[in-house]
Amino acid sequence: MNTALFDAIRRAKTLSIVGMCKNAGKTTVLNRLLAESHGRVLGLTSIGRDGESVDVVTGTEKPGIFVPEGTLIATAKDLLSLSDITQEIVCTTGIPTPLGEVVLVRARSAGSVQLAGPSITSQLRTVSDLFFSLGAEQAIIDGALGRKSLGARTVAESVILCTGASYDMRMENVVSDTANVFRVMNLKKAETVPEASELSLADVLKETGEALVPGALSDSAILPLLKSGVLKNVRLVVKDPSKVLLSPDTLDKLAIRGVSLETVEAATVLCVTVNPVSAYGWKFDPDAFKRAVQAAVNVPVINVKEAQHDLDRL
Amino acid sequence: MISIGFDDKVKIGLQYITDSLHPCSPFGVERVRKLRFYAPDERAELESELDNTDRAQKAADALGSLYEKIMLVLCQMKDVRGSINRLSEGACLDHVELFELKGFLLRVSELIPLFTRMNETVHAEGIAFSDPEGALDVLDPEHTRSRGFYIPDGASEPLRTIRREKKRLEQRLYEARTDAEKEAVRAERLRVCAGEDAEERKIRRTMCDALLPRVSAMRSDADAAGRLDVLIQKALFAKKYGGVRPEITETALELVDMVNPELVDLLNKKGRAFVPVSIAADRGATVITGANMGGKSVAMKTVALNVLLMHAGFPVCAKAARIPMFHSVKMLFDDAQSMQSGLSGFGSEIVRFNAALKDVEQGYSLFLIDELARGTNPDEGAVIVQAVTRYLNGANAISILATHYDGVAENARTHYQIIGLKDVDPDAIRVELQAAGEDGVAIIARHMNYGLYRVEGKADCPRDALNICQMLSLKPEILERIERAY
Numbered sequence: 181m182n183t184a185l186f187d188a189i190r191r192a193k194t195l196s197i198v199g200m201c202k203n204a205g206k207t208t209v210l211n212r213l214l215a216e217s218h219g220r221v222l223g224l225t226s227i228g229r230d231g232e233s234v235d236v237v238t239g240t241e242k243p244g245i246f247v248p249e250g251t252l253i254a255t256a257k258d259l260l261s262l263s264d265i266t267q268e269i270v271c272t273t274g275i276p277t278p279l280g281e282v283v284l285v286r287a288r289s290a291g292s293v294q295l296a297g298p299s300i301t302s303q304l305r306t307v308s309d310l311f312f313s314l315g316a317e318q319a320i321i322d323g324a325l326g327r328k329s330l331g332a333r334t335v336a337e338s339v340i341l342c343t344g345a346s347y348d349m350r351m352e353n354v355v356s357d358t359a360n361v362f363r364v365m366n367l368k369k370a371e372t373v374p375e376a377s378e379l380s381l382a383d384v385l386k387e388t389g390e391a392l393v394p395g396a397l398s399d400s401a402i403l404p405l406l407k408s409g410v411l412k413n414v415r416l417v418v419k420d421p422s423k424v425l426l427s428p429d430t431l432d433k434l435a436i437r438g439v440s441l442e443t444v445e446a447a448t449v450l451c452v453t454v455n456p457v458s459a460y461g462w463k464f465d466p467d468a469f470k471r472a473v474q475a476a477v478n479v480p481v482i483n484v485k486e487a488q489h490d491l492d493r494l
Numbered sequence: 227m228i229s230i231g232f233d234d235k236v237k238i239g240l241q242y243i244t245d246s247l248h249p250c251s252p253f254g255v256e257r258v259r260k261l262r263f264y265a266p267d268e269r270a271e272l273e274s275e276l277d278n279t280d281r282a283q284k285a286a287d288a289l290g291s292l293y294e295k296i297m298l299v300l301c302q303m304k305d306v307r308g309s310i311n312r313l314s315e316g317a318c319l320d321h322v323e324l325f326e327l328k329g330f331l332l333r334v335s336e337l338i339p340l341f342t343r344m345n346e347t348v349h350a351e352g353i354a355f356s357d358p359e360g361a362l363d364v365l366d367p368e369h370t371r372s373r374g375f376y377i378p379d380g381a382s383e384p385l386r387t388i389r390r391e392k393k394r395l396e397q398r399l400y401e402a403r404t405d406a407e408k409e410a411v412r413a414e415r416l417r418v419c420a421g422e423d424a425e426e427r428k429i430r431r432t433m434c435d436a437l438l439p440r441v442s443a444m445r446s447d448a449d450a451a452g453r454l455d456v457l458i459q460k461a462l463f464a465k466k467y468g469g470v471r472p473e474i475t476e477t478a479l480e481l482v483d484m485v486n487p488e489l490v491d492l493l494n495k496k497g498r499a500f501v502p503v504s505i506a507a508d509r510g511a512t513v514i515t516g517a518n519m520g521g522k523s524v525a526m527k528t529v530a531l532n533v534l535l536m537h538a539g540f541p542v543c544a545k546a547a548r549i550p551m552f553h554s555v556k557m558l559f560d561d562a563q564s565m566q567s568g569l570s571g572f573g574s575e576i577v578r579f580n581a582a583l584k585d586v587e588q589g590y591s592l593f594l595i596d597e598l599a600r601g602t603n604p605d606e607g608a609v610i611v612q613a614v615t616r617y618l619n620g621a622n623a624i625s626i627l628a629t630h631y632d633g634v635a636e637n638a639r640t641h642y643q644i645i646g647l648k649d650v651d652p653d654a655i656r657v658e659l660q661a662a663g664e665d666g667v668a669i670i671a672r673h674m675n676y677g678l679y680r681v682e683g684k685a686d687c688p689r690d691a692l693n694i695c696q697m698l699s700l701k702p703e704i705l706e707r708i709e710r711a712y
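Protein sequence lines, in the order shown, are assigned to chains A and B. Numbering-wise (my numbering), the first sequence opens with residue 181 and increments by one. Numbering-wise (my numbering), the second sequence opens with residue 227 and increments by one.
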């Protein structure tokens with residue numbers, strides 16, 4: 181199975197690494213992928229700022245991003261001086277960030293880099309297109325945290341979801357929220373997209389049995405429809421997973437009523453990684469944590485702290 | 227010096243023209259945005275610019291694809307003037323700045339052969355590029371001429387050694403087995419990376435020093451790129467609207483069959499055509515009279531537009547044009563803003579008139595006044611406009627006044643009247659109106675001739691208002707009484 185996972189990760193044209201929280205082990209996973217590139221040219225960027233050597237929020241030391249020679253990196257101009265790769269400036273993108281314009285650099289030596297890429301989906305797409313036109317075989321997007329990371333799915337076709345003890349002191353909360361994000365991220369891709377309509381959601385559903393939801397889908401919009409009985413064996417389509425703001429409970433209710441929640445832009449979560457050690461001082465039992473997450477998702481789960489075991493088998 | 231506010235630019239259709247241009251380089255964009263009008267003491271420069279534009283326009287058909295190639299290169303230019311300034315102040319530019327400078331120089335070297343070919347026909351005076359090869363050799367010592375910027379290992383002997391050491395340490399890091407071993411290699415690598423950074427900085431410093439003598443050449447290249455960019459845009463503009471190179475005169479103004487592109491396009495969309503206007507005037511007051519819907523304002527705005535186009539070095543939208551160089555161009559057009567100033571419409575008009583007159587009297591000027599004193603009672607209004615006209619007759623300016631007050635034209639040096647419905651048979655239109663049954667005003671507007679004709683001697687009493695009354699079948703009893711009073 182791990183060989184299959186390894187192949188799936190390699191095959192993904194664009195791969196997004198997203199975290200449930202800080203210190204979830206994103207960078208560990210990213211470094212592993214970079215180390216395993218074996219001469220393939222990778223394009224690397226992030227949604228917003230990432231890659232500080234000391235976590236600015238918690239003050240804990242965190243691993244830097246270490247890229248092999250030949251990697252293409254899209255990052256803000258001001259962060260180039262903090263990298264220790266030998267730089268070849270390939271092009272500028274005109275995309276602004278608070279840390280200067282996003283610049284495309286080729287690493288002419290291995291070394292550590294700091295990432296601050298575009299924060300808008302369309303600009304991320306521009307950057308990944310640039311990577312491919314410059315010969316990259318795979319684009320990796322170091323995703324943002326929490327809710328925002330759901331948006332990364334609209335650019336990347338494949339996702340690695342990272343979770344860890346830093347998310348919450350209680351393991352059951354970490355597991356249930358991770359399961360919920362996993363569930364939303366993995367919503368089915370809509371095969372057909374219903375036409376946008378002027379009518380209310382309830383009327384459209386009554387008439388056609390399916391509806392495209394403009395904007396976000398929230399509990400307060402869905403609960404009355406559930407009560408009225410309109411939502412039964414129908415299809416609800418949203419633009420992308422970030423538009424789903426439903427509680428796990430509501431998601432369950434929809435599933436029970438046979439409501440199919442689908443997205444226009446879809447990706448696949450390839451695996452979930454867990455970090456049982458929190459940056460804030462507490463630890464989970466590694467095996468129990470991994471087992472609990474594994475029970476909640478239907479993809480491989482990997483413990484980043486057992487990198488030599490689990491990640492090496494990747 | 228001529229300075230035109232944004233509102234006036236919009237009103238006369240100058241903004242429409244600058245908006246319709248598509249300069250490609252940041253330097254061209256800036257030139258169009260901060261449109262500069264030549265002053266009377268820059269006549270030689272203006273003549274040369276008008277000649278350039280004229281030749282570029284005439285060559286536009288033959289050189290169309292060459293112009294496109296040049297535009298494509300210009301589009302890729304970035305504004306590096308900030309980096310050039312920093313360079314001139316002795317700063318050590320960073321990788322990205324040097325990359326952008328190299329990009330700029332590469333674009334210049336692409337531009338030179340294209341511009342040389344264009345210049346075989348166009349002979350553009352005052353636009354020249356300096357050979358960027360010397361500067362490129364500084365930034366790209368290994369002659370790769372690639373788009374990227376990279377300090378090669380061979381840039382200095384110490385750098386070569388440092389980079390080799392860095393590679394060796396990477397291999398050792400990869401091979402290290404224990405954490406302690408890795409830590410030791412990392413510490414050594416950090417030292418080498420710091421050394422690389424310092425050595426690269428030294429090399430960048432050397433590059434900047436070598437580029438310093440080329441600062442003024444690079445600045446003038448940026449300026450030349452902007453001028454070339456705008457020159458092509460002007461040529462394409464003239465091709466589209468039929469521009470002509472104006473002749474610069476001492477005092478006389480003469481525009482033959484001039485048009486206003488904004489109105490040409492607007493009327494085209496409605497399936498109608500703009501009627502070209504001709505006018506000639508010299509120092510003193512020229513008065514335009516005519517029916518209210520007859521386009522006096524359009525004529526004045528079109529004069530202002532074309533005069534300003536020439537002063538900005540553009541071709542003029544006319545069949546032929548003879549224009550003097552003005553110290554200032556002032557316009558007093560019907561203005562909604564006067565309502566906001568707190569004064570009555572009439573009061574603020576007088577305030578604005580006074581301010582404009584002050585500028586006009588600084589040097590030979592063009593003064594355009596639309597319906598002065600329209601906000602006051604007709605008896606006093608007529609007296610005021612007559613007095614203003616007499617005064618302006620003696621002023622060192624071409625003043626053009628549009629008015630429908632009585633007795634003004636006699637005080638002017640020249641008198642123009644809108645042709646209006648002069649040559650139209652009212653009975654024919656009345657028949658057409660009855661047959662069509664559509665909006666009568668629209669039909670009359672269609673028959674209205676917006677052209678001007680010069681009135682020699684005393685003008686006949688205009689009959690346009692009476693004509694309109696007849697066409698629109700005003701109650702016969704009233705019509706009779708009007709006709710008796712004429």
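If you are wondering where the hints come from, they were derived from the structure by calculation, not from laboratory data. Please note that the accuracy of each hint is not assured.
Stated by the list, open to error - Chain A is nowhere near these chain B residues, computed Cβ spacing over 10 Å in every case:
(1) His-321
(2) Leu-340
(3) Leu-416
(4) Ser-523
(5) Arg-639
(6) Glu-658
As the list claims (entries may be wrong) - Here are the simulated BS3-like pairs of lysine-lysine, each with C-alpha atoms no more than 27 Å apart in a straight line:
(7) B:Lys-237 with B:Lys-408
(8) B:Lys-465 with B:Lys-495
(9) B:Lys-408 with A:Lys-202
(10) A:Lys-193 with A:Lys-386
(11) B:Lys-408 with A:Lys-485
(12) B:Lys-284 with B:Lys-496
For every residue, glycine included, the Cβ atom is placed at its ideal position computed from N, Cα and C.
Evaluation of the provided hints:
His-321 of chain B, annotated as away from the interface, has a beta carbon of chain A within 10 Å; the closest lies near 5 Å. Chain A leaves Leu-340 of chain B outside its interface by the beta-carbon criterion, the shortest separation being 22 Å against a cut-off of 10 Å. For Leu-416 of chain B, the shortest C-beta to C-beta distance to chain A comes to about 8 Å, within the 10 Å cut-off, and the non-interface label is violated. Distance to chain A confirms Ser-523 of chain B as a non-interface residue, since its nearest Cβ pair spans about 43 Å, more than 10 Å.
Every beta carbon of chain A lies more than 10 Å from that of Arg-639 of chain B, the smallest distance being close to 57 Å; the non-interface claim holds. In this structure Glu-658 of chain B is separated from chain A by more than 10 Å, as the shortest Cβ-Cβ distance comes to about 45 Å. As the CA atoms of Lys-237 of chain B and Lys-408 of chain B are separated by approximately 73 Å, the hinted pair breaks the 27 Å bound. Simply put, Lys-465 of chain B and Lys-495 of chain B have alpha-carbon atoms about 20 Å apart, close enough for the 27 Å limit, and the pair holds.
The straight-line distance between the Cα atoms of Lys-408 of chain B and Lys-202 of chain A is roughly 26 Å, inside the 27 Å bound, and the hint therefore holds. Distance hint between Lys-193 of chain A and Lys-386 of chain A is unfulfilled; the C-alpha atoms sit about 40 Å from each other, more than 27 Å. At roughly 18 Å between alpha-carbon atoms, Lys-408 of chain B and Lys-485 of chain A fall within 27 Å of each other, so this suggested pair holds. Taking the CA atoms of Lys-284 of chain B and Lys-496 of chain B, the gap is near 31 Å; set against the 27 Å cutoff, the hint is violated.
In summary, the numbered hints that this structure violates are 1, 3, 7, 10 and 12.
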